[in-house]
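Peer 1: Listed below, chain by chain, are the residues.
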Amino acid sequence: MKIIVAIKQVPERDAHIRIDSTGNWIEESGLQYALNESDAYALEEALQLKEKFASAGDEVIVLSAGPERVGTTIREALAKGADRAIHIVCDDLGARDALGVAKLLAAAIKQENPDLVLSGLQSEDLGLGQTGVIVAELLGLPHATLILHVEGTESGLKVKRELEEGWFQTVELPMPAVLTIQSGGNKLRYATLMGIKRAKTKEVRELAASELDGDAAPVVVLEQVTMPRKQKSTQILPGTAKEAAAALVEKLKFEVRVL
Amino acid sequence: MSSVLVVLEERGGKVSRISWEALAGGQRLGSQLGLPVCVAIVGAQTESLAAEIAAQPLGKVVRVEHPLLNHYTADGFTLALQQLIQSESPAYVILPHTYQVRDFAPALAARLGQVLISDVVAIGDGPVFTRQLMQGRLNGNYRHTGDGPCLISMQAGAFRAENSERPTNPAEVVTFTPTVESNQIRTKPGEPFRGSSQTVDLGSAQLIVSVGRGIKEAENIPLVQELATALGAELAASRPICDNGWLPLERQVGSSGHTVAPKLYLAVGISGAIQHLVGMKGSQCIVAINKDPDAPIFEVADYGIVGDLFEVVPALTEALKAARQ
Amino acid sequence: MTVLLPTLAEPQHFSLAEKLLFVGLAMASAVGFWRRFGVVLDKILDSKKDPSFRLFPAGKRVWDFVWEVLFQGKVIRERPLPGLAHAFVFWAFCAFALVTLNHCAIAFGIGFIFSGSVIGRFYSYFAAAFAVACAASTLGLFVRRFLVRPRWLGETLSYQSGVIALLIFILMATYLASFFVNDVGPASRILWWIHSLALLIFLPLIPHTKHLHLVLSPVTVFLSRGSFAQIPPLAGDEDFGLVAGTDLTRLVSLQAYSCVECGRCTEHCPAANTGKLLNPKEIILGVRAYLNDLGPASDQPLLGKYNEQEAVFQCTTCGACEFQCPVGIEHVPILVGLRRGAVNTGAWGNPHGSKLFLALERGSNALGLSSAERDKFIEKQALPIFDGTQEYCLWLGCMGGYDPKGREIVAAFVRVMNYLGTSYGVLRKEKCTGDPVRRLGNDLVFQQLAEANLEALAQNKVKKIISICPHCVRTIQEDWKDYGTPPEIEHHSEFLARYADKLSKQDKEGKIVFHDPCYLGRYRNIYEEPRAVAALAGELIEAPRNHEHSFCCGAGGGLAFLGEETGERVSRNRAKELVATGAQTIAAACPFCNTMFRDALAATGEGAPKLLDIAQIAARGLPPSTSI
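In order, the protein sequences belong to chains A, B and C.
Going by the numbering used here, the first residue of the first sequence is number 5, and it counts up by one from there.
Going by the numbering used here, the first residue of the second sequence is number 183, and it counts up by one from there.
Going by the numbering used here, the first residue of the third sequence is number 499, and it counts up by one from there.
Check the hints yourself; a few may be wrong.
Cut-off 27 Å, straight-line C-alpha distance, at most; resulting in silico cross-link-like pairs (BS3-like, lysine-lysine) [stated by the list, open to error]:
(1) 257/A / 242/B
(2) 242/B / 246/A
(3) 463/B / 927/C
(4) 979/C / 201/A
(5) 708/C / 547/C
(6) 445/B / 874/C
Chain C stretches covered by chain A per the calculated footprint, using a threshold of three residues with CB under 8 Å from any CB of chain A [as the list claims (entries may be wrong)]:
(7) 835–846
(8) 865–874
(9) 940–952
Simulated from the structure, these hints should not be mistaken for laboratory data.
The C-beta atom is built at its ideal place from N, Cα and C for all residues, glycine as well.
I would like the entire structure built from these sequences, with the hints used as guidance.
Peer 2: Listed below in structure tokens is the structure:
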């Protein structure tokens, strides 16, 4: 089974965010980058599927678009067990909209003709949660989102999908297909020293964005970023036990919205 | 004919609250741009849903009906709405940002050569659509620059459902029948099910009430259990409680127990030692009840009550029971 | 006046037949010896060389050899009575070197210790004194092993020990008996033959039993790694730690074969003492069994049949085992080596461990919290930022930066530094020093952390560091050396002790018991400095297990980040001991000890003693006007 995992390199969770001089993105100098969390789960699912199926010709290929620095994250994915990688070198990824990015990925995936395409549910920076679905649409493949678990069947796949409020659903679909993977479905494996050493010899094929799809004119543009004004502060509810309890119930009803 | 088309979603046979909120957003946009607002509902039998919508008189209500739409599938809904949009040519299409919408709307947009602006929290002049980036630490303003419809999904609570206007004219209800063939539906969805209910599944609990050393004795635990029941929450505990055997280990939250991230974490009599914090810091909303105003738990709490839990907890249980009625 | 003392009988005129018999037996004995010893020697020499081993400087080696081997210092100090008994046996063996040579020479008529000469006679009495002591000691040790049966010698009786004891006793007895017979006559000849047989049976038994240590342990003590609990660097791209036999180095093999099974390591092990699987003696014997069965060229995993992975990950790296070992076995690098073999190859799948590794892969601290939390603390405490002009960089560490108790310790220490007018600053950003992942054997994450931190320190021009955490101190000073040159660092107890005279005595806290942290005491040899500070607050008393015998709190070796323990909690065991001293206050000098005891004391209930870090003790004595 040939599986492609589309991954994204995003700024570290802990990163100190400052807005850059153009006002429409964050200052990137001095940022540390890491593998997007739900993509790590997608990679983990792919590696586990490969281990489960264990037939000849099984491959897990990671695919990522972005500038040169993406190479470190690709190597990390190879260290965790992916067999080879494709790096779409693109220095202006931010100038493309979700459709533009998906077109690049779809073009590269088409060349490979995989059985399954996995991606994380959404990225930690933009958080659009759409790329996987758009890729499926562009490739004309069936898809399912918010997947926690993947199983093979005679006719294709059976997947466990997360629904709201603690409900789940199984969906059956044929292969080839695209799945977007929700965080938390598996225990992630950590990168090992042995993995990193072995990754040095694995293939990373570079493709230029211009080779794949020139059309990058976006239909939706992020024109400005701002810092949100509200900071997290603790609201202490005053008064007697009864008064405070009543105030809390109000908050739970109208602000937290759990009642 | 330019309009704002709002696609509503049903939950348990009724229109979901987040859909009403999306409608409120759509109405705001409509009045901002001077455009009429239409509502669509998709399914196999949408008569009662349409009646519910029409009972709150609005502009046009479109019942998008086809037998193959009886269960949600991405293929079915995408095909149906694509045809509706091509027929109605709205300027804006608004959907609630639900798991279901996230599953098909990006594909729908791509099919129309568009890109969905997802999880919008505010609409400004322009119009510009604001969404949250970097895990809520940054806001981004998006603008639609292409031709054709602009698709948007609205975050829960971005607009208040109570704000939905009530125009004086009753709604016009029409039916739209899309063309859908069974071989176009490639996925087969199963019946929804819950996670196993026998064992405690703190990991998937949306509401958790957690008890700590402040409870003093095992005999007092039922006090907190009542609160949990009144809230409809799962009961959890910090390590000392489980160590003493007052609650089973599977209810332990913390570095040597479960890591949870529910919508609401209510910490009763828990001081907030680091070993506990690392197990629940991801919770969306943290409420703390503790008699020590300097307890570290208050630093991570969104709401706090400084008081004797033996007074506050019963008061809260009462208030919750009253609110549920 | 001549005192008529008995003289040693030396039989004369051995016949050719006797000589040939003796030579034949001696050769058989030697062959018997070599057949086994040769195999052991081969296994050791066939093992991988230790790439980081340096013979020089040899000063410490010579000192250790003299103290531990010749003076039997460790053996006596840790178990005085049995240790002295053993020392007598050892010294008797040394004294008997010449006696034995002479004994063999007698067969050929070339005995060189003439009973006639004064020196000769003196020497014979000298040896006799030792013989008496040795015989008595052997008897005593026999009684101890077979009748008293202390539990750390193991459940099964060691019959080989009994046989060896018997042989030694016979050797000594026949020697002493020879003073009471004539040179001529059958008695002396019979004694001579008994002695010879005992000797020639003893010799081949040496390499077949734990008495191999007679030959190996002096070498093992001399060829130690050079410092306590020293973890060797990995060598080359294919070295992932101790995965299989091919990874065992000569030092490890030598140490495995030197084990005398005395059980002192297990006796002091916090895991073994709280009902866990880990038994340090069994770890070493497991390696030895692997070498015996499979040898150093095997690629079978070391963990599995010969040692269990679960046991290896119950170690807190407290070092009590290594500290106690009288034959120079270095347990800590072996345990960490086995962990490396499991972790660096991904064979260890513990969920808490994975969580820790992932947290440090992506974030800055071992707790998985956002670094904004540390920023908030710095802001709230108004801590000065290090800008290259201050004398000290105060290293907060994960506990000092994120843990509520650790923060209290930092806050107290900062008050003292402000009072003393010390010039210091904290770094804007810190990454975890990597102590837990280093001890757990994850070299990938450790390297990333060490290199990132070293670069940050160099960029910030840090020359001197103070830390409240002995784990940070150890890791920065020693473990980071694999990746660069760390700045000078000291623990806050060392700093505070220098200024103890400037801090006022309070006498408010009643009796105080100080708990020696493993990484400050055994690892760094600092015992009195924290006591000097603790004593400021009251009457200092000692727990039964104190100074280098201090019993671990259970947090080390990365265990503070792993899941629930099996058996009794180590922290509970130690807390009970500390509470039982009757002290009103427990003084700690490590934020991990502090957090472990905080939990353990909470279970004790209302009457529990107060728990204070020495920084908090020092701060309490400050005049109230001292601002934070």
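Peer 1: Are there three or more residues in the segment 865–874 of chain C whose C-beta lies within less than 8 Å of some C-beta in chain A?
Peer 2: This one holds; 3 residues, not fewer than the three required, reach chain A with a Cβ under 8 Å.
Peer 1: Do the alpha carbons of residue 979/C and residue 201/A lie within 27 Å of each other, as the hint requires?
Peer 2: holds, 22 Å
Peer 1: Are there three or more residues in the segment 835–846 of chain C whose C-beta lies closer than 8 Å to some C-beta of chain A?
Peer 2: holds (count 4)
Peer 1: If you draw a straight line from the CA of residue 445/B to the CA of residue 874/C, is it 27 Å or shorter?
Peer 2: Holds, at roughly 25 Å.
Peer 1: Is it true that the CA of residue 242/B sits at most 27 Å from the CA of residue 246/A?
Peer 2: Distance of about 47 Å is beyond 27 Å: violated.
Peer 1: Compare the distance between the alpha carbons of residue 463/B and residue 927/C with 27 Å, and conclude whether the hinted pair is satisfied.
Peer 2: holds, 21 Å
Peer 1: Please work out if residue 257/A and residue 242/B have their alpha carbons no farther apart than 27 Å.
Peer 2: With a Cα-Cα distance of about 32 Å, the restraint between residue 257/A and residue 242/B is violated, given a limit of 27 Å.
Peer 1: Please verify whether residue 708/C and residue 547/C have alpha carbons no more than 27 Å apart.
Peer 2: Given pair residue 708/C, residue 547/C holds - Cα atoms ~24 Å apart, limit 27 Å.
Peer 1: Okay, the segment 940–952 of chain C and chain A, do three or more residues pass the C-beta test at under 8 Å?
Peer 2: holds (count 4)
Checked against the numbered hints above, the structure breaks hints 1 and 2 and satisfies the rest.
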